[in-house]
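Starting from the two chains in their separate frames, assemble the complex, guided by the hints.
Sequences listed follow chains A and B, in order.
Those letters in the first sequence? Residues 1 to 244, by this note's numbering.
Those letters in the second sequence? Residues 1 to 269, by this note's numbering.
Calculated from the structure, these hints are not laboratory results.
These figures come from a predicted structure and were not determined experimentally.
Backbone N, C-alpha and C fix where the C-beta goes; we use that ideal spot for every residue, glycine too.
Computed footprint of chain A on chain B; a stretch qualifies when at least three of its residues, placed anywhere within it, have a C-beta under 8 Å from a C-beta of chain A:
1) 161-172
2) 175-181
Residues from chain A that keep clear of chain B, each with C-beta distances beyond 12 Å, as calculated:
3) THR8
4) ARG26
5) ALA55
6) ILE213
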Amino acid sequence: MIALDGVTKTFGLTPALQNFSASIARGEFVSIVGPSGCGKTTVLRLIAGLMAVDAGRILINGRPVNGPGHDRAMVFQQPTLLPWADVLSSVAFGLEIRGVPRAEREAVARDLIQTVGLEGFERHYPRQLSGGMQQRVGLARALAVNPDILLMDEPFASVDAQTRRGLQDELARIQSTTHKTIVFVTHDIDEAVRLGDRVLLMSPRPGRVRDAITVPKSRPSGEEVEADLFAIKSRLWTELREGA
Amino acid sequence: MRTALTPIERAPTLTVLNLSRVRAATMSLSLGLAIWEALSRLLHVAFMPTVPSIVKSAWRLTLSGQVPEALGASLMVLVIAYALAASIGVLAGVLIGRYRYVAIACDPYLDALLGVPNLLLVPLFFALFGLGRATEIAVVFVYAFVVIAVMTRSAAATIDPLLIEMARAFGASDRQVLRHVVLPGALPTVMAGLRLGMGRAVRGLINAEMLIGSIGLGTLLRAYGNQFDAASVFGILSVLVALALIVNGLLRALDRRLNAWIELPGSSR
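Extracted from the complex, chain B is given alone in its bound form (with noise of 0.2 Å):
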């Protein structure tokens, strides 16, 4: 019999929304409104606010336009961003992973980038790119694209051997290995890459915001915050959180679809 705590070995089904899933996350999210709530009642401290206050907050902000302007401002920021880091994070994550010198050549600068706080680069972009969007498309880029092409590069460096051989002998040429074998084999931790790049997507956009923004939902946290209304920055983020869900519900539907083959009913794993 199935429980709730019966551990997933196989997704049930095939369908990218299922009912009992949304039941569950929305229990889940309930749950931890509630407690946030309870918390909020007893502790009394003043930057953990009720939650009727957060929503009222976020309601009245989106009301005068100010969340909607700073919204538009973080989404056209986070989907150049995005869009730049995942094609030329996949992009190098193939090669990087593919050929041995490349690797040797490039590795380092991924190792680097991905032990060195991001935001240690703020002040190189300020100075290329000086104070606007470009300076915070490329720190989101550079938040983004990191972890995109390490986990595209494990993925295309781990191609079963046989497989790559397999269609040698068919007569495939370098770039069909790639497009029939290395790609579609690569695609499911691509996809985890690509999810994980998103989340980070969204961290490096709201630090960027912060420190060097003068429009976005980062900048107006900060404004908020430094006004010490508690309220309206979690009402913010709670847009923030709201617009993370979506975008890693879109991400998650699209792997679950391209990568159908592998929750197959009736397999053997």
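Just chain A, with the same shape it has in the complex (with noise of 0.2 Å):
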């Protein structure tokens, strides 16, 4: 489980986070959407332990977050591969961090690469991938680390719509197999709540949980679960723009 509390970050004069607390369950699937410049990707980044908290706290299982750890994992924005390493080395690169040997790091790259549809790209390097494709090796090796928490920050945003369509189908069923808890930040209020078990909706900087929705699961009557999804897509949109 997360646990933010009372965090706040400052960047030089600039106030990114202000008291942001919110509280993830262990296997939730949470979507954060705000304004832009509100502070979700500061979000993700303390929870990764790339940088540290001025004031509040984060807790992963009742521990303290000072650093990176093995029980986390993150899909960036951009698909930041190394422009020398091959789709397999690529995959594998955390669990190479971590000192697995060559042949068990390459045995679970490539598990993951036929989970993300690349088989047959294993030796091409990413300048010969397509956006998506980068992208998914991007998730690929994030999920190589087995980690409990997935942070993905604006993953499909630079892949064109058809694309994102088919990697948040693929990552939602990753999710229901792998129950992974996972924190995904986007500015697409459809995707948020399309993938998420809950949206937390930012305020503009410096930013805070402004309202948290619980997005009910599809069941198999579907008529109401519609009506449900367009009633908190417009509260979302509502409080959206009142907040900017």
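Structure (structure tokens):
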């Protein structure tokens, strides 16, 4: 479980987060939306341990975060693949850092390359792949270290709408089989509601949680849920507009 | 259609030696020699010997053992000095490029060495090491070291910070970031620096030997220059040119091998 308690972060003179509090359950898929510049990415980077909070605290399973850890992995807005590493070594990168022997880490990587639908591209380099494929490599790389928590920073923002839809479906499928805790930052309300069990709406800078909405999961009866989702999206839109 | 003047956007193949390259280089060199020969015959100036007389002198000096002995001596200095310059230059470049305070401390020296004619250091080395090989090695070292360090420094300093953050997010230590991100990312520019450094090393070698050497190609050049024996001077120079071309070819081959990912077929850039 992730607990953010009164988290405050300032960059120079610019307050990015002010008293941000939220609690994310194990296995939960939480989307974070908010106006641009509200500190969404900062929340992720703080949970990832890439920087430290100025005030407040972040606990993961009761232990404070101080630096990156094996329990978390991040998928970035840009694919951030090493241009000199082929798909196989890219996906195995996190395991290599952790000192997993080559044969073992490549077996894991091959498995995940299949999961994200890139079999046959093991020996391709990033510049030989489309943006969507690069993003899949980034996702597979994060999954390869088998983290409890997956931190995703607008991972599908830079791919075309059709590819995005496919990647969303894949992520939903992966989540339903692996039950990982996912914190998913996006500026796309449809995406946030489509994927998330819960949506956290952030206020404009300095960011804090303005609203938290639980998304009803689809039931066979369908219709009611559609209406619920519509209501949730309108509520988010309204609040987003008010906040800006 | 590819013509001789098609701009090189990407290399057509990954092979290190390809025939069309060799053919183009041979044609270019032959043309240069032909122009030289024509000028030398037309102008009849004392210090522009004909190509055959240059070749004859080079051959004569080779048979007499003067060039082989000088070449051996020069190569020894070159290899030792260059190996030191390459290893220390890359190390220094990475440290200066990655650590702000090292940069603040070292940049003035690097800039000074880049600006000041390196030969001005000869008296200093002379005082430190005396007359001999050590002084020549020191001079060649400085010539090559500066450009290798400067190129490595800028390569290491301009690594995409997002890639470094990515590695950190996966728990990479400083050392792992260096090994898995900084060094491979810097490698193309480091190789360019190593090639520039080799060119400068050869220049430094000849300068040092002409100035203070008692043996070596530069010393030989000085001796024949003093006798106004132009054919021999150019004969020795042609040996030097051949040496420079061979060494540069080797470094280029190494570069293409290490950085093959840059010239991948089917890449978007």
